[in-house]
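Produce the entire structure from the sequences given, and follow the hints as far as they go.
Protein chains: 2
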Amino acid sequence: MLDPKIFVDFESINTDDYVIGLYLLECETTDILKKVEAIALEQSTGTWVELPGETEEIRDRSVARVLGVYEIPHYEDAIPKDVKERKFVFFIGFPAVNINQQIPQALTALYGNISMSGKLKLLDVILPKSFVKRYKGPKFGVEGIRKLLDVNGRPLLVAMFKPCIGMDAKSLGKMLFDLGSSGVDVIKDDELLADPNFCTVEDRVEECMKAVAKIKKETGRKVLYSVNITDEFDKMFKKAKAAVKAGANCLMVNVYTVSFSALSVLAEDPEINVPILAHPDFAGAFFGSPNYGVASNVILGKLVRVSGADMVIYPSYFGKVPMVKERVIRIAQELTSPYYHIKRAWPGPSAGMHAGLVPQIITDFGNDVIIGAGGGIHAHPMGLKAGVKAFHQAIEATHKKIPLREYAKTKKELQAAIDRFGVYGEGDNYTLTK
Amino acid sequence: MLDPKIFVDFESINTDDYVIGLYLLECETTDILKKVEAIALEQSTGTWVELPGETEEIRDRSVARVLGVYEIPHYEDAIPKDVKERKFVFFIGFPAVNINQQIPQALTALYGNISMSGKLKLLDVILPKSFVKRYKGPKFGVEGIRKLLDVNGRPLLVAMFKPCIGMDAKSLGKMLFDLGSSGVDVIKDDELLADPNFCTVEDRVEECMKAVAKIKKETGRKVLYSVNITDEFDKMFKKAKAAVKAGANCLMVNVYTVSFSALSVLAEDPEINVPILAHPDFAGAFFGSPNYGVASNVILGKLVRVSGADMVIYPSYFGKVPMVKERVIRIAQELTSPYYHIKRAWPGPSAGMHAGLVPQIITDFGNDVIIGAGGGIHAHPMGLKAGVKAFHQAIEATHKKIPLREYAKTKKELQAAIDRFGVYGEGDNYTLTK
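So the sequence lines, in the order shown, correspond to chains A and B. If you read the first sequence in the numbering used here, its first letter stands for residue 21, the second for the next number, and so on. If you read the second sequence in the numbering used here, its first letter stands for residue 21, the second for the next number, and so on.
Hints listed in this document are in silico derivations from the structure and should not be mistaken for laboratory results. None of the hints are false.
Same chains, same names: a pair is fine if it fits in one copy or spans any two.
Dumping the calculated DMTMM-like pairs for lysine to aspartate or glutamate here, alpha-carbon to alpha-carbon at most 25 angstroms:
(1) 242 / 198
(2) 345 / 62
(3) 345 / 446
(4) 363 / 23
(5) 194 / 222
(6) 104 / 446
(7) 405 / 238
(8) 345 / 46
(9) 345 / 23
(10) 345 / 102
(11) 258 / 222
(12) 345 / 105
(13) 107 / 23
(14) 340 / 102
(15) 101 / 446
(16) 429 / 446
Structure below.
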């Protein structure tokens, strides 16, 4: 008989006492309940044999609970003979007392050893208040960064240096001045640019923050420079603190190469009193497969927000890094919907952004979104400054509800941008069904 | 942009304020989020066009919330070109204030108009305490019926009259005596026998309760006779009360032809101070399809228990009415796991039961299970009484951990039963993997 302590209804638990995972499993089993029970045991008190030390008291307190098991499709009478691999969705609740408040151990309970046991994907995580209360989340978030930059009622324009790597700090400072003074709000390093000898973090902070000051002085514009301080833990923290001391007003971390934990410790350090931009590189290793890993809404949404990212760059449904549109929207929802005391983070669906996409972006995400552009600015036919201008014109057109092609008739930068990159949705059904 | 009031995290709601549905949807959409939003609106405040009267205040209080949307498999980068029909699992939370405490309106919110909108199946329901508190559930439940019958430490043996319909009340009384005096605990009408002129409820109660008294007097055994009072509402209630007044000690309802509501009103009536056995006929119309309807764990499990059934007969993984084994077990778990203040109901996986199945039944369900037998008793080669005896011998063998074939060597009734019906699991993998 299956353990009645393990199989309980969702309604029978106090959700504040459990970290709950929702899973997708594809396998050839003839007894999914036995299999799910084994998973619950493996991830809490038990192992593959009965243990003499696993007392009833230990089980009561610490065994994981199976809160629901469903088959997709939910066959009732029989499994059709041509179905070899069955598909299941199920919930497991892990007693929060087993974990205390830490994401590393939550990941170990939710998807530890079982990450290596077949076609199993963690679709979502429900974190109780008792767990999340330990985290501060983004220090600034959507509203905080709007205040820092005096930007209201429109998306944030974020640009990155191009070419990605190879330039020296002085040239980057000059490029930053051109981008910031013509209308970019946040200028970020490329994820491939960390701390090479020919262009160190120290030198970049010096040159770029000089440019930031010059922009303020000459144009009145406030601009953030997000410097990539990714490194081994010990060096990363030293580098981050040194950068902030040297005047850096924003940091960037390649989160998925250093861990949520590194991000959260950084974000919660009182000395790091500047926003943090989370770059998604390497994240695909966690979420890319439809059947394995952890879903993008968790990886690029919930966990990175709880860990303290103020701005989250991630793939989008257009451009060079493909992602299913509904996933892109769900990540934005994870970053911005109410979540305990945690501030809203900026979603930045990026890669392949151009001015012709702006109406669709604002339609899909509203104004609390990062328009993150690289090639769409740098490769503008009239140059980088015109590239920035074209984005602002596209935002204006959208807010005025004027079609881009019409608005472009009197805005040569926008006209050049859409001549070069097109207008998203033309001949595309999406805008029609919206 | 999707409504940020509708798309919120599970963590952001107070689960006690919502009736939550978990759904499976299979469709060809290119925008599942838009589709799920439409479902949430359709099932709460909105309709297919924007409504001038749907104010922000109305939406805040009453709009349904989408708490999660997942694709099966959870494609991240792109939908493979050969996938025509996509599969999704999602949650919707319906504000409990919209519904108050009533199952009919909960069903209308959870699966009302949308029951007719494509391949959508309701996989599960999470009912908040604020909703369930209005229900009393089973009056007797597992423990209560054990007390009524003085049966402890073993499954309940339930038998039905066979042939199903056609006999007169006197013959049934005689059959009941034979069944009850030889070891059956509960004798139930067939679901096809309601109130025909040739064998009315009134006559059956008279004859059968005489037999019950005679059994008590002659053998000391306590026995329940579950009389089928299924009828139109008004007549059913009158019939139920008249039967109880005339001495009936148990009722049977064909729940799915009269509704959960009829059952719950009956169960909560203080005059109906006897247990109720719920028969599953017609339930397949609700749960049968893998893609449509409401899953069996809800129909034959949670809702019938909350509505007040003390004993629940339903299909099993053996015998004449096929059901996937994991579904059969999940229903038993729904009927017996802790659920607010609601008592545990007896699961009765039935149809095609014989003595050779008993070890497997007890292995899978423990002792809190109904062994419900018709043909397995009536068609025993040595007659009905020997059929009953064989079941008790099989239970003894299981409790003593002696293989049936060995135990049968000294028990001729059991030997005859397994000669006729076999032993479940012989040459079958299930017992090996257990």
